[in-house]
Amino acid sequence: MNALAAIGRFTLGGVYHLGRCGVFLCTMLAVISHAWRRFALVVRQLYFAGVMTLLITLVAGLFVGMVLSLQGYYTLVNYGGESALGLLVALSLTRELGPVLAAVLFTGRAGSAITAEIGLMKATDQLAAMEMMATDPVARVVVPRFVAGVLAVPILTLLFNVVGVLGGYYVGTVQLGVDSGVYWASMQNGVDVFEDIGNGIIKSFVFGFVVSWIMVFEGCDTEPTAEGISRATTRTVVVGSLSVLGLDYILTALMYGGIS
Amino acid sequence: MPHSPHNPARPADTLVSVDNVSFGYGPRTILSGLDMQITRGSVVVVMGPSGCGKSTLLGLIGGRLAASEGRVFFDGGDVAALRRRELFALRKRMGMLFQSSALLTDLSVFDNVAFPLREHCGLPESLVRNLVLMKLHMVGLRGARDLRPAELSGGMARRVALARAIALDPELILYDEPFAGLDPVSLGVTLKLIRELNDALRLTSVVVTHDVDEGCRIADYMYLLGRGTIIGHGAPQEMLHSGDPEVAQFMQGMPDGPVPFHYPAPDYRAELLDAGGARS
Ligand SMILES: Nc1ncnc2c1ncn2[C@@H]1O[C@H](COP(=O)(O)OP(=O)(O)O)[C@@H](O)[C@H]1O
Ligand SMILES: [Mg+2]
Numbered sequence: 000m001n002a003l004a005a006i007g008r009f010t011l012g013g014v015y016h017l018g019r020c021g022v023f024l025c026t027m028l029a030v031i032s033h034a035w036r037r038f039a040l041v042v043r044q045l046y047f048a049g050v051m052t053l054l055i056t057l058v059a060g061l062f063v064g065m066v067l068s069l070q071g072y073y074t075l076v077n078y079g080g081e082s083a084l085g086l087l088v089a090l091s092l093t094r095e096l097g098p099v100l101a102a103v104l105f106t107g108r109a110g111s112a113i114t115a116e117i118g119l120m121k122a123t124d125q126l127a128a129m130e131m132m133a134t135d136p137v138a139r140v141v142v143p144r145f146v147a148g149v150l151a152v153p154i155l156t157l158l159f160n161v162v163g164v165l166g167g168y169y170v171g172t173v174q175l176g177v178d179s180g181v182y183w184a185s186m187q188n189g190v191d192v193f194e195d196i197g198n199g200i201i202k203s204f205v206f207g208f209v210v211s212w213i214m215v216f217e218g219c220d221t222e223p224t225a226e227g228i229s230r231a232t233t234r235t236v237v238v239g240s241l242s243v244l245g246l247d248y249i250l251t252a253l254m255y256g257g258i259s
Numbered sequence: 000m001p002h003s004p005h006n007p008a009r010p011a012d013t014l015v016s017v018d019n020v021s022f023g024y025g026p027r028t029i030l031s032g033l034d035m036q037i038t039r040g041s042v043v044v045v046m047g048p049s050g051c052g053k054s055t056l057l058g059l060i061g062g063r064l065a066a067s068e069g070r071v072f073f074d075g076g077d078v079a080a081l082r083r084r085e086l087f088a089l090r091k092r093m094g095m096l097f098q099s100s101a102l103l104t105d106l107s108v109f110d111n112v113a114f115p116l117r118e119h120c121g122l123p124e125s126l127v128r129n130l131v132l133m134k135l136h137m138v139g140l141r142g143a144r145d146l147r148p149a150e151l152s153g154g155m156a157r158r159v160a161l162a163r164a165i166a167l168d169p170e171l172i173l174y175d176e177p178f179a180g181l182d183p184v185s186l187g188v189t190l191k192l193i194r195e196l197n198d199a200l201r202l203t204s205v206v207v208t209h210d211v212d213e214g215c216r217i218a219d220y221m222y223l224l225g226r227g228t229i230i231g232h233g234a235p236q237e238m239l240h241s242g243d244p245e246v247a248q249f250m251q252g253m254p255d256g257p258v259p260f261h262y263p264a265p266d267y268r269a270e271l272l273d274a275g276g277a278r279s
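Taken in order, these protein sequences are the chains called A and B.
By numbering that gives the first Met the number 0, the letter at position 25 of the first sequence is numbered 24, and the numbering carries on one by one without gaps.
By numbering that gives the first Met the number 0, the letter at position 42 of the second sequence is numbered 41, and the numbering carries on one by one without gaps.
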């Protein structure tokens, strides 16, 4: 009976959390126009998010591109297909790995930091103080961070992909001896601007939206204590990363078929 | 606010009146049946033990919380009946000093004080600068304008927060525990500032505190909270010499009295004798 009650409470708690999350999105979208009116704040947040995430994104992109090239080569060479190495690297990155990994890295680095920042502002009454100064904290604090996050993830994805392709190029041509012209040509012939790059960009916008939503919601929903903040930060990383992976499957299925 | 309901019993010089207000977080009632009148120009001190709902009361006056019963009137208008835009207009007429100072940590002292001016007034930057320097001068921190909140001592942070609270020239200031955790000098400065600002700027001040000495030194009128309601009110001298045992216990800081020393517990003797048998 106790176990049943616990399951019930857990479910109710989850539904309640989800509901608040949805209501929060509505309050935020209601004042989203402040992103334009306070564009300087968005740029500032974009700068901070960029500074935080840029280096790890570039390093991760480089290594992922290199390892893709390495693994792809050893598989392709069995069929004499190493001339398609460039295509393999580029498609893997633009369709899947770029959007997913850039969003996950953003969640871990900037998302957790922003959740903690907003949570701390709440715990130290800064948000309440703004409200008492007749400034809406959602418009002033939350919206700029959210919009910056939505914009940052696609930009980071783009950089991830570029660095990944270059890393793949280095391993494929310099180390494994694939012809450099062939590497680029296969990519140029095989990658479709809308089908591959376009869908990748759509994905990264969706991931950016969801991850940014989660990070600002968890920040605002923080229980205003030290443990509350640490729990909210963890939740941002776990829920954010899992959402990205889950959504990636759904989006891939929708975009490229696979589910009929 | 022509449509807001008016409080008929309100004397003309009352700025804030709390009318039979009850409030609880969820099912737990914190305040019940509260009645208070805050006269224009006065310093009203609300005292009570920690956790009795003093901050909650300030939340109700500032419109951040809505009473479950009763009403709070500010200058004749029902605070809880306002729409968001009207509430924000009202809040420009009140300043609040939080216990934690609540300075915005990513802004300098100057920008903190300038924050409400930049948000609401649309003044040219040169004028904002002069206003900010004036406010900072009033609290004696003009020289600290380039510091970051993290570099300030507790007392200084509170003074900056005070300068910020008076930036928009409000009519009412709400102070939440302004004396908590201050050294004697900062305490003296804070007491002096609350009184001087109140008189010089013709403000009305509501000070929430559990410090009896400081409360009595500064108050024109006092309310004592206990058991979720008002257990006594009057001028400081009346309160100090009150015959009411509950009021006397708090004002004189006696460890035992109507508020017992012991948290409710089963019989001591029985519990000790029992412990040998049943260890849990
Ligand atoms: N947001 C909240 N949710 C639930 N309970 C709260 C909340 N804020 C305060 N309380 C409870 O209400 C009571 C009064 O709190 P508060 O007004 O902060 O007291 P005081 O300022 O007099 O110390 C306390 O027992 C506190 O635990
Ligand atoms: Mg308090």
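Since the hints were made in silico from the structure, they are not lab data.
Because the structure is a prediction, the values reported are computed rather than measured.
Among the hints, erroneous ones may be present.
From the derived model, a few chain B residues whose C-beta atoms are all more than 12 Å from chain A [as the list claims (entries may be wrong)]:
id : residue
1  : Arg27
2  : Ser49
3  : Gly61
4  : Glu68
5  : Pro115
6  : Glu118
7  : His119
8  : Glu124
9  : Gly154
10 : Ala164
11 : Asp175
12 : Asp255
13 : Pro259
Estimated spans, in silico, between C-beta atoms of each pair [to be verified]:
id : chain 1 : residue 1 : chain 2 : residue 2 : range
14 : B       : Glu150    : A       : Phe193    : 51 to 59 Å
15 : B       : Asn19     : A       : Trp35     : 43 to 51 Å
16 : A       : Leu165    : B       : Arg141    : 52 to 60 Å
17 : B       : Glu150    : A       : Ser179    : 53 to 61 Å
18 : B       : Asn19     : A       : Leu241    : 43 to 51 Å
19 : A       : Gly227    : B       : Pro183    : 51 to 59 Å
Ideal placement from N, C-alpha and C gives every residue a C-beta, glycine not left out.
ask   = Checking against the hints above, which ones are violated?
value = 3, 5, 6, 7, 10, 11 and 19
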